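2 protein chains.
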Amino acid sequence: MTAPMLSISRRLRNTPFTRRVTEAGVKSYTVYNHMLLPTAFDDVVSDYHHLKRHVQVWDVACERQVEVRGPDAARLMQMLTPRDLRGMTPGQCYYVPIVDETGGMMNDPVALKFADDKFYISIADSDLLFWARGLAYGFRLDVDVNEPDVSPLAIQGPKADELMARVFGDQIRDIKFFRFGMFNIEGREMAIARSGYSKQGGFEIYVDGFEHGEAIWDRLMSAGEDLDVRAGCPNLIERIEGRLLSYGNDMTRENTPHECGLGKFCDTHIAIGCVGRDALLRVASEGPVRQMRSFSIDGDAVPPCTGIWPVFADGERVGRITSAAWSPDFQTNVAIGMIRMTHWKNATKVEVETPDGMRVATVREQAFT
Amino acid sequence: MTAPMLSISRRLRNTPFTRRVTEAGVKSYTVYNHMLLPTAFDDVVSDYHHLKRHVQVWDVACERQVEVRGPDAARLMQMLTPRDLRGMTPGQCYYVPIVDETGGMMNDPVALKFADDKFYISIADSDLLFWARGLAYGFRLDVDVNEPDVSPLAIQGPKADELMARVFGDQIRDIKFFRFGMFNIEGREMAIARSGYSKQGGFEIYVDGFEHGEAIWDRLMSAGEDLDVRAGCPNLIERIEGRLLSYGNDMTRENTPHECGLGKFCDTHIAIGCVGRDALLRVASEGPVRQMRSFSIDGDAVPPCTGIWPVFADGERVGRITSAAWSPDFQTNVAIGMIRMTHWKNATKVEVETPDGMRVATVREQAFT
Chain A
13 MTAPMLSISR
23 RLRNTPFTRR
33 VTEAGVKSYT
43 VYNHMLLPTA
53 FDDVVSDYHH
63 LKRHVQVWDV
73 ACERQVEVRG
83 PDAARLMQML
93 TPRDLRGMTP
103 GQCYYVPIVD
113 ETGGMMNDPV
123 ALKFADDKFY
133 ISIADSDLLF
143 WARGLAYGFR
153 LDVDVNEPDV
163 SPLAIQGPKA
173 DELMARVFGD
183 QIRDIKFFRF
193 GMFNIEGREM
203 AIARSGYSKQ
213 GGFEIYVDGF
223 EHGEAIWDRL
233 MSAGEDLDVR
243 AGCPNLIERI
253 EGRLLSYGND
263 MTRENTPHEC
273 GLGKFCDTHI
283 AIGCVGRDAL
293 LRVASEGPVR
303 QMRSFSIDGD
313 AVPPCTGIWP
323 VFADGERVGR
333 ITSAAWSPDF
343 QTNVAIGMIR
353 MTHWKNATKV
363 EVETPDGMRV
373 ATVREQAFT
Chain B
13 MTAPMLSISR
23 RLRNTPFTRR
33 VTEAGVKSYT
43 VYNHMLLPTA
53 FDDVVSDYHH
63 LKRHVQVWDV
73 ACERQVEVRG
83 PDAARLMQML
93 TPRDLRGMTP
103 GQCYYVPIVD
113 ETGGMMNDPV
123 ALKFADDKFY
133 ISIADSDLLF
143 WARGLAYGFR
153 LDVDVNEPDV
163 SPLAIQGPKA
173 DELMARVFGD
183 QIRDIKFFRF
193 GMFNIEGREM
203 AIARSGYSKQ
213 GGFEIYVDGF
223 EHGEAIWDRL
233 MSAGEDLDVR
243 AGCPNLIERI
253 EGRLLSYGND
263 MTRENTPHEC
273 GLGKFCDTHI
283 AIGCVGRDAL
293 LRVASEGPVR
303 QMRSFSIDGD
313 AVPPCTGIWP
323 VFADGERVGR
333 ITSAAWSPDF
343 QTNVAIGMIR
353 MTHWKNATKV
363 EVETPDGMRV
373 ATVREQAFT
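Chains A and B supply the protein sequences, listed in that same order. Its first residue numbered 13, the first sequence is counted upward by one per residue in this note's numbering. Its first residue numbered 13, the second sequence is counted upward by one per residue in this note's numbering.
Isolated chain A (complex conformation) (with noise of 0.2 Å):
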């Protein structure tokens, strides 16, 4: 069972690109924030190859934004995340891990800042906004919390700065990594940030407004054509490859940012007030005793893995694979998973249980780059 049919009602809701992307030949959906998100066009071999050649536009509106409004905004953030936020400027943006009080992954989103009382969450696939209104209810904040109505376009590939810059002018190319400009679009401010689900590099626009994401989407369509832009969708394949993780995938509450590899974005002795503090000091004095690796799997391509794999080393139990793929770029099948700290040194050798069977595997400390 890999590809069934999706019966489509209102409870998954349509973004305002989904008429384009239909025209465009969309081939399959998954569902994340209750919202509809393309996973193939052509299909996931040759969307991959278009990918990291040309440039690609994708509906990512199911990447909803929580807006945090008001004079505690900065403090509800800073209960969100054991990131410190001290240092974030207006125009930055953040991959912010975000726990619950035992220090469980909640949403692994980026965070925008506009003003010390304005941000954006663009959050992963999980009702974010449920845990901030009740926090913020619950420490009764002077701060606003809601879904507005913003949808991320994300243009992605190597002619990305070409393409934004022929549609959104030259001053596009100035904006660094994880930062964002605002631009007058349609008649209205809407933020771009470089930043993006895919290591191709490229760009993000907060389409504000559902009524205009066509028009965007035209713009960029038309001013690339002789870039051979096309409709595309984050790529299982690339992101495995380049260790993006996915919530719900590869990490949920089961789980802490130390485990996750993402120890680097948790200032947990710096960030007073955050969730999940005392737990999460713990861990990091200890250190977690399985952490996220990369992995190449031996043999053919593997089959679709829909759940998790179980990873053995002299026949115990020792990880997990919960993403992979075959990589035409890299010859192997690419992996990403969670493993014991007895065997989590680069090169290892484990075992890997398949679907199709036993399979060995190697433990990467660097993602395929």
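It should be emphasised that the hints constitute simulated quantities derived from the structure, not laboratory data. Being a predicted model, the structure only gives us computed values, none of them experimental. Careful: at least some of the hints might be erroneous.
[Said to hold, decoys possible] Label-pair restraints from in silico Cβ distances:
#1 322(A) with 324(B): 51 to 61 Å
#2 365(A) with 312(B): 44 to 54 Å
#3 222(B) with 294(A): 22 to 32 Å
Backbone N, C-alpha and C define an ideal beta-carbon position, used for all residues, glycine too.
Please build the complex by placing chain B on the supplied structure of chain A, with the hints as guidance.
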């Protein structure tokens, strides 16, 4: 765009019954609480006829449980809902609207009371766990809020009593509507409630432990062979006929319970301590200006309702349809929608803008029964 392919990944969780559902020939899925929910086996119309005549076993594991345990469990439960829970006794199920501080619907689950210090909340499609945990943390409640390894399996249809009695004994027949009893199943105490998301009668087994899913499924299937038991799922047509609301489809955080026709489950005056009380007292005293109704829509079968269909009267917008389907038994299109008080009286004629043109529709105060 009505049925594209669904890409499966760990993030769209399998259920304890997914293997059996696949073997039974599931045709399509939706995603509900980050989990697979079947939407059709034969096809929606055949499934509908079968449900009304025989008995079906439904994988509704996606009705995830929020377990609330501890000395402050009852206090947290009353914070979550404007329904007065003081009279709730162990063994009762309560349909409980859950609202945020502005009175907006966050979920419309069924709560089960096991004891003063233990409840389950069997949730609709939103991460209610995050809201409940946020409140518990913010108010420093002595309570543990978690998602247990519990997966409801529904047995629905006119022969449900017979099938369940064969498997679990005749005492199953004594369970009253929206009550549950504890039964020893597979060596474990599990709750069985007379409840379910259809109007055909039946039960929900709260399967405790992923590993027991297939054994229970198999016992039901073999005991019911001569009853023509089949794998089924919540049926779009039948639930619209019965006006069973769907969170995310028929209502969202935009709506109050009163608009949704759930005012009878709000005892806001006496539900001291419930979140949203200030806002709902206002609504309760003034009454809603629009409300949920059933509709019949003239003409041939309408296309799938995948978004909002505006409703007009004399050229003015007066409401919207959010669910619609052709009903073989009523020989008309049945629908659920929200309509302004100026036009909500029974038998009022209005016009609905469907994707294939305007249709005449009639307001119905009662569901189709």
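- Task: Of all the hints given earlier, name the ones this structure violates by number, lowest first.
- Result: Those not satisfied: there are none.
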